[in-house]
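Chain S is already provided as a structure; the job is to place chain V on it using the hints.
Protein chains: 2
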Amino acid sequence: MGAFHTVSSYLIHRLYTHGVRHVFGVPGDYVLGFFGELQRSNLKLINMCDEQGAGFAADAYARVNGLGVVCVTYSVGGLKVVNTTAQAFAEKSPVVVISGAPGRNERIKTALIHHRVRDFDTQLKIFEQITVASTIINNHQTACREIDRVLNEALRYKRPVYIELPRDMVSLPVTPYRQTIKETKRHIEEELEEAMNEAISMINTSKQPVIIAGVELHRFGFQTVLSSLLEKTGIPVAATLLSKSVVRENHPLYIGVYEGAMGRKEVRKYVESSDCLILLGTLMTDIDLGIFTARLEQGRSISATSEKLLVRYHAYEDINIEDFLLGLLKANILRRQDVVTPHPPPPVRSEPVVGKQVSVQYLFQSLNAFLDDNTVVIADPGDAMFAAADMTIHGETEFLAPAYYTSLGFAIPASIGVQMARPELRPLVLVGDGAFQMTGTELGTIVRFNLNPIVVVLNNLGYGTERPMLDGSFNDVPLLRYSRIPELLNAGRGFDVETEDQLDEALRSARAYTEDFCILDVHLDPDDRSPALQRLSHALGKRVKARPKK
Amino acid sequence: MGAFHTVSSYLIHRLYTHGVRHVFGVPGDYVLGFFGELQRSNLKLINMCDEQGAGFAADAYARVNGLGVVCVTYSVGGLKVVNTTAQAFAEKSPVVVISGAPGRNERIKTALIHHRVRDFDTQLKIFEQITVASTIINNHQTACREIDRVLNEALRYKRPVYIELPRDMVSLPVTPYRQTIKETKRHIEEELEEAMNEAISMINTSKQPVIIAGVELHRFGFQTVLSSLLEKTGIPVAATLLSKSVVRENHPLYIGVYEGAMGRKEVRKYVESSDCLILLGTLMTDIDLGIFTARLEQGRSISATSEKLLVRYHAYEDINIEDFLLGLLKANILRRQDVVTPHPPPPVRSEPVVGKQVSVQYLFQSLNAFLDDNTVVIADPGDAMFAAADMTIHGETEFLAPAYYTSLGFAIPASIGVQMARPELRPLVLVGDGAFQMTGTELGTIVRFNLNPIVVVLNNLGYGTERPMLDGSFNDVPLLRYSRIPELLNAGRGFDVETEDQLDEALRSARAYTEDFCILDVHLDPDDRSPALQRLSHALGKRVKARPKK
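Protein chains in written order, with my numbering: chain S, 1 to 550; chain V, 551 to 1100.
Extracted from the complex, chain S is given alone in its bound form:
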């Protein structure tokens, strides 16, 4: 423990030790004392406009940094980050939710103190549904142990946790404790040996093995292990939408994003004709798998996740992805040479035609050619995300999108989280007009903290993903002149883009203008959509209209 600690200083100290440098939040009276402590600490407070924005920013920060924190007040703050925390749970992002709360001595049964809903623990009960660990710090003697227990669970499962801090606990001195919690490693040597032998034999006797690199490789930081494995084995690799960029996309063994019928045909064909699918940390989610159009036969699969290892139809319950990956690295695996595989097509850069309306296809071709090693692409659900699937992410940069939980409004606040964690990267934010209206107000935060994303609004006047499923005026989104927003904020540059030459000029200007944010209002035909979205909408539309047989 070292120095003398209070509850708050210990919590801050432990967050710092785990690599946290920024805390995203909105203050309120129940958490004000802790905000004061944060401001005096070596963590930087990032005030957001709304708690929803803070939750998304912390989620993105956690994905990039390994741990993220959102700090809010009781109920009116905490209950506003239920959705963002649910997303972090669903997509394995380790977010620590810290909520202020009434003091222990205010918790009298009959007191109707402000922000109280039903019982004092209503908020705790809600967060128990969407976190892997939760606690109310109401005893300064056990506070350290509780804080460590909960943070360790976040790191272990890469999922959110909840810490409630009654305001009269903040300044109490804590009792040090000896960290004696040791992971009791079970004896799994024999199980591991059997599993590895079986997997290696299956891989070595296969004709066309392929790795599907899943999102857990990203969350647990196994990108380098994956690189070594590719180097060693020469086996081709695909990503999923949720894990896109976990391997650099100009890697010679990279074939593209696999997403069933939604993705590129040649990727689908190559993957589905494989006689040995090696799924590493892959969550089997519907959108990732092209709304169940994927054909990944279990009888030809090996699937390792943080929970267990599946070989064909049987499970090794004690073997997790880390054991398996390290086992593969040590094993004697046949090295493949000169495998012929599909590759992502190189960025095509068509010359802009003056006066020609921008299409979705042209937009994404231009954006793809625009990417460089310092660009991080952050896509909101919708065509922004689906069309972005075939962009080529460079080098060590990132692609972020909530490809499974698909909550609209993620991208703009996420860009704040990403740029705080990786200030050397410039975010390219792709967002639909519907999503923009949910969290676009966080551009104010972007200005406040001197960030410089390039925000591309895919302005097609509505929820483009839904129109082909079932249309109605409920899919319309009100008009907003996005390019005028810089005038409101006294900062940034706006561009109105209707034609190919305007897009060309706007992207060129945006690259040159790095002082603060740029926003491109790209006017698209409401009926224009990417081929991927067309296929997706077709599959989803069937379900919207489905009437079960009686």
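Hint data in this document are derived by calculation from the structure and do not stem from the laboratory.
Be aware that one or more of the hints could be misleading.
Below are the DMTMM-like pairs computed for lysine to aspartate or glutamate, each with C-alpha atoms no more than 25 Å apart in a straight line [claimed, not checked]:
#, chain 1, residue 1, chain 2, residue 2
1, S, Lys125, V, Glu678
2, S, Lys308, S, Glu194
3, S, Lys125, V, Asp1021
4, S, Lys125, V, Asp669
5, V, Lys757, V, Asp671
6, S, Lys44, V, Asp1021
Only chain V this time, still in chain S's reference frame:
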């Protein structure tokens, strides 16, 4: 039942029967089928920019109309209205949350379908914490009964309920049933007689009785009963912040808002020196009661709520507010004549001084003078709400503010709910700059549906309520040029107000311009606050800094 019904048409039919005419929401694929049904129905769909806005609008609509509906998609929609639903629970507003959901045949244990968090019933479990009734409609034979059960609970308790609609249920035909649910009225005649005798004797022998008219009178629609009671007895009446406007504020017997040390001194003195406090439907909440500075002695009180009747220190568990009110109306109560009471001061209208900076006090004097019979005042928490406490609400109009749960960002979306329910009223929306940045985007919805509120932004560059408790840069709110927003939306009129004469001119123009919304950016000194807020901050600040004795 009458005509043939499907699950959706029955639900819509029952909502209509209960007086609902508008549904607030945001579509998503799991609820798209039901949105299609809504659009074909006699309910009007009000699309909002974000689910948070939809939740607040439905809450406001429920307060004014008697029942409100918010309709969203699974998880990414539903979990965004947890906070607004919690507010409706805390402040007794009957909101029906309708959430689309995966079809029954999609609910396979291992399916990671999009928007799923942990289990398929995670969202239901969360809503069980913040509603009085909840259901998943998964059986078309019991659907009608379930829908009626849940709606009846909303109406009975004036609190939110939750209906989850798997998408493959929407079009299924329902089985009619006979409504046999009858409230089994217990035999309470003798208990009622004893309670009434005691209460009436206490009232008739008192020297200075006073009624505290609480929020339940508003929620259960007992305003007329209250008027008759005042007429009959001549007893003076005060309101609370949460119930403000439940009696017209130019009523001769109305003395003002009672809120302990926060309110007007003469109201406090009159109420606290009463020897018979008649509390009708009053929730004892902290902010309402001036953060526990209220001195309402139970030994001199009669308190009737929807749950029970308290006379001094004993309870009549079976007597609710309706029985009690009707009992009082029939009883032989001494009529008071010529009681001398304090009255709310008449609006003061100072002449504007050219070039003089607007103060909070001047602003509220001007707004008070600006009110007419067609104005409904909607205040966001913060000085917008506290300073508004002493405005004089006219005639039959309304004053809305989340005075207990105090969730920022309520007012702008609430104005949409109110104006849909009461199109003859023009909302005067009072909102701080911090709150504006949370839900101000709903001005787009206001333009879309042709509404015309006057939005007054109290722009003091931060969270003014928190500064005096504990200040830091975390209380700052980014600059936004609110008066330029009409340019973004191609509608509305904006006014930059720094001086008294500019305020005068802006209010005059806003009154004349009724075509769509007006927004006044009123620049206030960050250290200027209303006397009520000064007193509140002082009381709250003590708790922020409180360190309990060890």
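Given the hint that Lys44 (chain S) pairs with Asp1021 (chain V), test it: the Cα-Cα distance must not exceed 25 Å.
Status holds; Cα separation ~16 Å.
Holds or violated: are the alpha carbons of Lys757 (chain V) and Asp671 (chain V) at most 25 Å from each other?
It is violated: about 57 Å lies between the C-alpha atoms, which goes past 25 Å.
For the pair supplied as a hint, Lys308 (chain S) and Glu194 (chain S), confirm whether the alpha-carbon distance does not exceed 25 Å.
14 Å, holds
Checking one constraint from the list: CA of Lys125 (chain S) to CA of Glu678 (chain V), max 25 Å. Satisfied?
The given pair, whose Cα atoms are some 10 Å apart, holds under the 25 Å limit.
Pairwise hint evaluation, Asp1021 (chain V) against Lys125 (chain S), where the allowed Cα distance is 25 Å at most
32 Å, violated
Does Lys125 (chain S) pair with Asp669 (chain V) here, judged by a C-alpha cut-off of 25 Å?
Judged against 25 Å, a Cα distance of about 15 Å means the pair holds.
The structure fails to meet hints 3, 5 from the earlier list, while all remaining hints are met.
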